[in-house]
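**Student:** Chains as they are written, first to last, in the numbering used here: chain A, 1 to 267; chain B, 1 to 290; chain C, 1 to 335.
These aren't lab readings, by the way, just hints derived from the structure by calculation.
Treat the hints loosely; a few may be bogus.
Unchecked claim - Derived lysine-lysine pairs resembling DSS-like cross-links, with alpha carbons at most 25 Å apart:
| hint | chain 1 | residue 1 | chain 2 | residue 2 |
| --- | --- | --- | --- | --- |
| 1 | B | Lys-249 | A | Lys-139 |
| 2 | A | Lys-220 | A | Lys-179 |
| 3 | B | Lys-25 | A | Lys-77 |
| 4 | B | Lys-25 | A | Lys-45 |
| 5 | C | Lys-17 | A | Lys-14 |
| 6 | A | Lys-112 | B | Lys-25 |
| 7 | B | Lys-187 | A | Lys-111 |
| 8 | B | Lys-25 | A | Lys-139 |
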Amino acid sequence: MLLVDNLEMAIGGKPILDDVSFAVEQGQTLCIAGESGSGKSSLLKAINGLMPARFDRLCFRPQTHREITHEGQWHGKPGLRGSRWVMQDPIAALNPKLTLGRSIGESIYSKKPNAADLASATATALADVELPPAMAERKPSEVSLGQAQRACLARALIARPTLIFFDEPLSALDAIVQKQIAATMKRIQERYRITFVIVTHDLGFAAAFADQMLVLRNGKVEAYQPAQSFFEAQASRYCVDLVDAARDLGSLPQAAEGARNQAEVSL
Amino acid sequence: MTVAESSVLAEQVDLKQRLQNRSLKRFITGVCAVLVVLGALVCAGFFLTPYAPNTPDFLNRLSPPSVAHWFGTDQLGRDVATRLLYGGLWSVGLALLITVFGAIAGTIIGLAAGHFGRVADATLMRVTDSFFAFPELIAAITIAGVLGPSTANMVLALILVGWMRFARLARGLSVDIAHRDFVTQAKLNGLPSRLILWRHILPNIGPSLLVLWTNSWSRTILSISGLSFLGFGVQPPNAEWGAMLLDGKAYMQTAPHLMIFPGLAILVSVLAINLTGDRLRDLLGSGSAT
Amino acid sequence: MTIRTFRLSGPLGSLAKRLSGLMAVLFGVSFITFTMTYFAPGDKAAAIAHARYPETQSFPPEILEGIREEFSLNEPFLVQFFQWLSRFVQGDFGNSFASNVPVWDVFAANITETLTLTAVSLVIGLAAAFCLSAVSVWRPGSLADRLAVALASIGAAMPNYWLGLLLILLFAAHLNWLPAYGTGTPAHIVLPAVTLAFWITASQTRLLRAFFLEAKSAPYIETLRLRGVSESEIFWRHVMRHAAVPALTMIGLDVAALLEGTVIVELTFARGGVGSLLAGAVLSRDYPMILFLVMFFALVYVLINSLIEIIQDALDPKASLLGAAGPAVGKEARL
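Build out the structure end to end from the sequences listed, making use of the hints.
**Tutor:** Spelled out as structure tokens, the structure:
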């Protein structure tokens with residue numbers, strides 16, 4: 001449903017991304033991994049039209065909206081309709097002057113809902129991310145980081161997207177909250193069958209979610225394969241090192257076989 | 001789950017923020033209360049004073065402060081206290097009008113520079129820089145003087161030289177905020193750009209503009225009375241504080257009250273506005289965009 | 001994709017960028033100044049005629065027309081502007097309408113008064129500000145600190161013409177120690193200089209105090225403290241070195257307020273100098289003089305500001321960031 005073909009990007013003559021191609025199916029999860037500076041976040045921005053990039057084809061087929069195809073480069077306003085984006089730092093992603101409820105409701109601005117619909121949709125979204133309804137009245141400065149990230153998730157969910165992009169959704173949070181939010185994400189994906197595209201440097205987290213793995217290194221695709229096979233046998237030296245490092249740090253289980261299931265248990 | 005999440009850390013953040021919000025609210029309430037009381041006193045003064053500000057009374061020239069004339073009378077026998085009251089309208093009131101106008105114009109220009117493309121930005125900011133290059137008071141003296149000394153020309157001059165700081169601040173802060181994640185989110189969610197400016201950018205630069213405005217207000221009071229003192233502003237017989245100082249200058253040895261009270265009025269009002277602005281900046285500090 | 005664009009970068013590039021910005025601003029300044037006088041009310045030809053023949057009351061239209069021809073007053077606005085600008089750039093500032101002598105000569109005769117006043121005030125004001133802020137940050141929150149802060153607040157709110165009048169009242173009228181008005185003996189400069197210095201002290205105490213306090217709590221100072229370096233050595237050797245120079249450059253950014261203060265003080269004390277010159281020129285509609293003086297003030301302001309920004313860049317990239325971020329420490333202490 002999302003297809004990116006031969007995307008390349010350069011800033012000031014310096015290549016940031018080169019020949020990146022992938023495709024994601026409905027309800028599946030693609031994890032984009034790589035060290036910092038490998039171009040992961042730039043890739044998300046390019047796909048959403050926030051940074052100029054060239055590609056042969058970028059195609060997004062949501063069930064709820066018209067198909068979007070861009071060829072050569074991005075045309076028009078940024079943002080893929082039918083998708084939402086959850087960012088890394090929840091506090092930065094929420095307007096400090098607006099209540100969480102208004103920030104969440106703003107996500108469906110283009111549908112022009114009336115007040116009652118908006119209130120009920122906001123309440124449902126808050127319930128989906130396991131926040132009490134009273135949170136709608138709070139300002140971002142009055143909630144914890146984890147609660148703020150849940151609000152961001154609710155802001156994505158309220159639009160009933162078919163695809164959610166996550167940019168390092170857990171890295172601003174501490175370990176316990178990470179686990180809780182990962183569990184919430186899992187439940188949401190199962191309940192609404194939403195496609196996830198997750199940028200992360202945490203292979204343990206990737207192992208728990210990914211159907212497909214895309215590893216970037218210096219802007220080039222180092223590996224692109226099903227998660228199962230990626231965690232069983234890595235295609236390149238770099239990927240082996242990456243997985244070994246994650247094992248040493250304990251974020252991945254030591255044994256290679258059935259990595260995905262085990263990681264899920266450890267969640 | 002959410003109970004577990006409201007960890008100690010979160011509660012501390014919560015508490016600190018609440019305390020700050022509370023002291024901010026208390027401060028704003030306090031300022032409003034003082035303003036209401038002050039306004040009531042001034043209104044009462046206008047109704048209760050038995051004297052007119054500009055009517056001479058030659059039998060009572062240069063009389064020192066007394067029960068009948070709290071701050072004495074001037075060289076034409078006019079009551080200084082009454083004139084101070086009316087003078088406040090010129091000094092403080094005019095300054096208020098001028099700075100509000102400058103703040104709005106400057107903010108619009110700054111926002112336009114920051115958000116309507118590179119050409120608009122370069123042009124508008126060069127214009128702003130050029131206007132900024134004139135020391136405010138010197139430009140005001142020149143404009144007011146060349147056009148002919150009068151209140152209207154002084155107001156025009158002060159408006160012409162008063163908007164640039166707002167333009168610079170509005171542009172700088174709003175460009176910074178436009179790159180924040182929450183604005184990116186609003187863009188991706190399909191909000192029209194006027195709504196992004198109105199709902200996301202303006203409220204976040206508002207506090208800083210407010211602080212700058214208090215600063216600008218007190219500076220303009222000084223400029224108005226300074227220009228009037230030099231003869232380029234409000235003209236006699238109108239009772240502007242600076243113009244009163246100019247009147248009183250000649251009689252400083254025989255009637256020092258003529259120059260002490262108007263000066264004190266300027267000092268106190270400017271000091272009060274400055275201190276309010278400082279406190280406001282401290283209170284808004286961590287919560288605002290700066 | 002191997003198109004290499006020529007990009008300005010590094011210190012030279014930023015200097016070039018600054019210079020081009022400076023040129024644009026200077027052009028804007030001269031345009032605004034000229035526009036201001038061009039659209040001023042009143043017949044300029046009559047003003048020139050009056051300056052030339054002070055005895056004559058009214059002039060026949062032929063003479064006025066001749067003057068208009070001579071000074072190209074009939075040309076379109078833009079032609080006049082560029083003619084004036086090209087003469088100005090070449091150093092031909094024209095003759096004063098009022099005295100019919102070159103503007104530059106009148107200016108040169110007055111500038112020393114102004115420079116002396118500014119220099120003396122700066123020395124007194126900065127010395128006092130330095131002492132006050134040093135005492136102030138020695139024990140933040142102490143009585144001395146609070147007094148210094150209070151003095152700075154009052155100084156920033158004090159109309160300097162009023163302060164001047166009070167000083168005249170006390171030292172000239174009552175005590176009869178010092179002369180009140182005019183120029184001449186060294187004693188004449190005391191009261192004006194103190195008046196101007198008071199404002200400098202107030203604004204600079206605020207700034208220096210903020211800079212010193214920030215430097216005192218910097219991480220590397222904490223490290224020194226942990227190592228057992230004495231508090232006085234920390235202040236004199238480290239805080240001073242890292243905070244004083246950047247803080248002192250800030251007064252350069254405040255040069256506009258300094259110029260304004262100088263003009264007001266000169267007028268209050270009826271001293272000679274460019275401030276009095278400007279007021280006189282404005283009142284008598286002496287356009288060549290007005291144009292020159294306003295351009296002079298703007299040029300001084302713009303050039304000093306750019307110079308300070310370059311110095312700050314060289315000193316510490318962070319300092320200029322601080323300056324650019326402005327309101328926190330810098331601009332708000334003005335006036």
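**Student:** Holds or violated: are the alpha carbons of Lys-25 of chain B and Lys-139 of chain A at most 25 Å from each other?
**Tutor:** Holds, at about 16 Å.
**Student:** Does the structure keep Lys-249 of chain B and Lys-139 of chain A at a Cα separation of 25 Å or less?
**Tutor:** violated (56 Å)
**Student:** Going straight from one Cα to the other, do Lys-17 of chain C and Lys-14 of chain A come out at no more than 25 Å?
**Tutor:** At roughly 23 Å apart (the allowed maximum being 25 Å), Lys-14 of chain A and Lys-17 of chain C satisfy the hint.
**Student:** Hey, Lys-112 of chain A versus Lys-25 of chain B, does the alpha-carbon distance stay inside 25 Å?
**Tutor:** violated (34 Å)
**Student:** Is the straight-line distance between the alpha-carbon of Lys-25 of chain B and that of Lys-77 of chain A 25 Å or less?
**Tutor:** violated (40 Å)
**Student:** Lys-187 of chain B and Lys-111 of chain A were given as a pair; does the straight-line alpha-carbon distance stay at or below 25 Å?
**Tutor:** Status holds; Cα separation ~15 Å.
**Student:** If you draw a straight line from the CA of Lys-25 of chain B to the CA of Lys-45 of chain A, is it 25 Å or shorter?
**Tutor:** Violated, at about 40 Å.
**Student:** Tell me if the straight-line CA distance from Lys-220 of chain A to Lys-179 of chain A falls inside 25 Å.
**Tutor:** violated (30 Å)
When the structure is compared with the earlier hints, violations turn up for hints 1, 2, 3, 4, 6 and for no others.
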